[in-house]
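Using the hints, position chain Y against chain A.
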Amino acid sequence: MDMATQYLAANRFGLGRRYDDPAISDVQGWLTRQLGEYDPAPAAIAALAGRGAIAAAYVEYQEDRRAMRAEAAAMSDEEKGMTPELRRLSRSAIRRHYVDATAARLSAAVATQTPFPERLVHFWANHFAVSADKQTVIGFAGNHEFEAIRPHIMGKFADLLIAAVRHPAMLLYLDQAQSFGPDSVFATRVRGRGNRQAPGLNENLAREILELHTLGVRTGYTQTDVTSFAKALTGLTVAGLGRGAGQRLMPADAQPGETLFIDRLHEPGAQTILGKRYNEMGAKQAETVLRDLAAHPATARHVATKLARHFTADDPPAALVDRLAADFLKTGGDLPSLYRTLIASPEPWAARPAMFKSPWDWTVSMLRALKAPAFGERQNIAAMFTQLGQPIWRPGSPAGYDDKVATWAGSAALMQRVELASRVAGRIGDRVDARQLAPLVLADALTPETGQAIARADSPGQGLAMLFASPAFLRR
Amino acid sequence: MILSRRSVILSSLGVAAAGAIPNFAYAAATTPKRLVFIIQRGAADGLAIVAPTGDPAFASARRALADETAGGTKLDGMFTLHPALAATGGLYAGRQAHFAHAVATAYRDRSHFDGQNMLEGGGSRPYGRDDGWVGRLLTLLPPAERDALAIAPAVPLALRGTLQVGTYAPSRLPQADSDLIARLSGLYADDPLLHPLWDSAVKTQELAGDIGGNNGRNGADLGKLAASLMLPADGARVMMVETGGWDTHSGQRGRIAAQLRGLDQLVGALQTGLGPVWTDTLVIVATEFGRTVEVNGTGGTDHGTASTAMLLGGGLAQGGMVSADWPGLATAARFDGRDLRPTRSLESVIAGAVAHHYALDPKQVMTTLYPDA
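From first to last, the protein sequence lines stand for chains A and Y.
Going by my numbering, the residue at position 432 of the first sequence is 435; the numbering climbs one at a time, nothing skipped.
Going by my numbering, the residue at position 94 of the second sequence is 350; the numbering climbs one at a time, nothing skipped.
Just chain A, with the same shape it has in the complex (with noise of 0.2 Å):
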């Protein structure tokens, strides 16, 4: 079978050779040097608002609302009209945020020296997705890949896993910033005073911890082991941005969208995990557990598994999952180790290109072929992904955009990307010569016939737009 090595170190691996990348000679030492050269805050994103500007916008809708719920009972039919109108303009300040981080990371992915890492980086946001359909999620979805993912994405397992989790996006995605031991201090007292609606468990981030960041379904935890574990979990909240009475506890001087632990509200005692006693720690209690999952061997596994598939087909081979696997569990998740190993595995570079590259791999390569800017300076980017069929930090569920063939390989997405690709090429298709573009984005993937059609093409436009349809640069 002829390989495509350089095709597949620069889309595979990589995110699609830049216009301006010299040739890859070695195409190994070329990955693995970028791991030491990663840039966790690169411009576009150190560059953005941080979570206390994020939070701000929040406490500001939820002020909005409250004045608003007040001046609404004082008002006529008439006025209460104009409400929405209203309520859309305090929205808009949290949504600014949302469409500032798709352009920011659209923007470090397309300038990237190192793609690999960046890969990775959507990769791992993908496996702890959170999804902006939640609206307390959208203003912080791209602060949780900027700030939770990318600082960790380079060291062990278990310290993404507990960064991930303990970022506000996902505490108030799945729920956790409404969950309250149900004998916390707390929760005791208000039921002292006779409520019946006495704040309780929410078991949604202790569920999906186990099943989607860590063991993977079915993998033996039962619903006693969920429900230890989101006891464990509970006493971990965002100050100033969850519901209810538990906000009356913050310390006063916490800052709004910050991550605490307060133990009022912690579920006093052990609990016992997957046959593992985890004696009362307060706020360590749920990290040894989270440590613990992280070193699990049924984690090695799915996480090697979801690895080995980025890398390779739907059904990844076997070899390649056993050797992550080990791996994984030989060097305590580290990392670095499992990128390095899939770099030296013989099955990433065995075939051609197998993968369908998803809408956003698709459109991050097409931009890295090109000079000139393929979109206006007012092009909406997140409504351009949304329309592409994947919006970005939106998989509208805590398991992330499914990696298989099928998820994007659909008739009327093919579609949208012809139709895409030549309105791209309609704007600058005659400042580039797609002839001579095509064996270097392509390059041992670029067959005799994608060259034949595109030389044949009948306007550099219709060439250049022939490129981004060929059959290879659909696929990495």
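Since the hints were made in silico from the structure, they are not lab data.
There may be inaccurate statements among the hints.
[Said to hold, decoys possible] Calculated Cβ distances over 10 Å to all of chain Y for the following chain A residues: (1) A46; (2) A166; (3) L252; (4) D266; (5) E350; (6) S473.
[Unchecked claim] Computed spacing ranges between beta-carbons, pair by pair: (7) A:A44 with Y:A445: 16 to 24 Å; (8) A:Q455 with Y:T418: 38 to 46 Å; (9) A:R221 with Y:G510: 33 to 41 Å; (10) Y:Q420 with A:T450: 41 to 49 Å; (11) A:D23 with Y:T535: 49 to 57 Å; (12) Y:T554 with A:A44: 54 to 62 Å; (13) Y:P448 with A:D337: 35 to 43 Å; (14) A:T450 with Y:L616: 46 to 54 Å; (15) Y:G327 with A:D23: 54 to 62 Å; (16) A:A415 with Y:A445: 19 to 27 Å; (17) A:R221 with Y:T554: 52 to 60 Å; (18) A:Q455 with Y:R594: 38 to 46 Å.
A quick note: this is a predicted structure, and the numbers were derived from the prediction, not measured.
Even glycine gets a Cβ: it sits at the ideal position worked out from N, Cα and C.
Relative to the frame of chain A, chain Y by itself:
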């Protein structure tokens, strides 16, 4: 989601100048002159559009395609207009159409990329200029007549220059044209994943994106849109309309008929839409180069050299005639033994028509539009 081409949405792409976007509320303009440049991308076959049916070598060279023009308007003793151009034939009868035949730019190779660059840029070699002949023409016009607009997602090379130009795209994601779709069908033919996906995508696609589709009505819609953008007092005075799908390597008979039906309806809708302003309008239709004299093995024609250009409008210098220093189609008369030989420069045809239209000094127009000539 496939957006309808009918849903006209103002495009923010390109260097669209806010001031160049017409306001539909205003009444028709008093200053008269309008110019429309319709580019035929893909090398339109001049021998099928204005067929030299009186040339003794025509029938044998064109073989199966020789009767393509049967039933078309007889233009003179030599030339017959393609029957799909019925309305254009009517303009010819009313001295509002002129065909310049055996014309070509200075370009003599056969690459669409390079040829279109020369046609639009007006340079003497491919990629020799980064501005275009229409863009340079604007500098010769009074400020009130400079508003230029392209119905395209971005400013085409022909309109680029020192003055700002608007763009107007019919939809946010324009549909891929039918020619690109056909080519991709070929490219995906042996791909087990893409072939069935694409097949089904194409079946659900209405192919509303090119002038030939929808039995010519797409051309009519485009013409109507162009007229509506040019008619208002503060509307565009200079307009470029792009058409694709002219690269008829195979199955030319049906494809070029559909293309020309679309072009005919585009021109008809322009005339109707502009009403009395049509008298002061010049439409130039041109392509990057022509196609081979001989028909190839797949019922089509390959890249050639000279083609035909159309001048349409109410105030032509020589309406109702075909101008050609006819080289003949015999093998010995052909360029490189295969193509219609160019006997006149397309640049001079364009410059001459523009100079007459705006009553400008022909020499100044020529040196401005084609400074490298």
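Outcome of the hint check:
Against chain Y, the non-interface label of A46 of chain A holds: every CB pair exceeds 10 Å, the least being about 25 Å. Every beta carbon of chain Y lies more than 10 Å from that of A166 of chain A, the smallest distance being close to 37 Å; the non-interface claim holds. Separation of L252 of chain A from chain Y is adequate, the least Cβ-Cβ distance of about 47 Å exceeding the 10 Å criterion. Annotated as non-interface, D266 of chain A keeps its C-beta farther than 10 Å from every C-beta of chain Y; the closest such distance is 51 Å.
The Cβ of E350 of chain A sits about 20 Å from the closest Cβ of chain Y, beyond the 10 Å cut-off, so the non-interface label holds. Consistency note on S473 of chain A: stated as away from chain Y, yet its beta-carbon is not over 10 Å from all of that chain's, at 7 Å minimum. At roughly 47 Å, the beta carbons of A44 of chain A and A445 of chain Y sit outside the given window of 16 to 24 Å. Here the CB-CB span from Q455 of chain A to T418 of chain Y is close to 39 Å, well matched to the stated 38 to 46 Å.
Checked against the hint of 33 to 41 Å, the pair R221 of chain A and G510 of chain Y fails, with Cβ atoms roughly 58 Å apart. Take Q420 of chain Y and T450 of chain A: their Cβ atoms lie about 42 Å apart, and the range 41 to 49 Å holds. The given range of 49 to 57 Å is respected by D23 of chain A and T535 of chain Y, whose C-beta atoms sit roughly 53 Å from each other. For T554 of chain Y paired with A44 of chain A, a C-beta distance near 57 Å keeps the hint of 54 to 62 Å intact.
Checked against the hint of 35 to 43 Å, the pair P448 of chain Y and D337 of chain A passes, with Cβ atoms roughly 39 Å apart. Between T450 of chain A and L616 of chain Y the Cβ separation comes to about 52 Å, which falls inside the hinted range of 46 to 54 Å. Checked against the hint of 54 to 62 Å, the pair G327 of chain Y and D23 of chain A passes, with Cβ atoms roughly 56 Å apart. Checked against the hint of 19 to 27 Å, the C-beta distance between A415 of chain A and A445 of chain Y comes to roughly 20 Å, which is consistent with it.
As the Cβ distance of R221 of chain A to T554 of chain Y is approximately 57 Å, the hint placing it in 52 to 60 Å holds. At about 21 Å, the CB distance of Q455 of chain A to R594 of chain Y disagrees with the hint of 38 to 46 Å.
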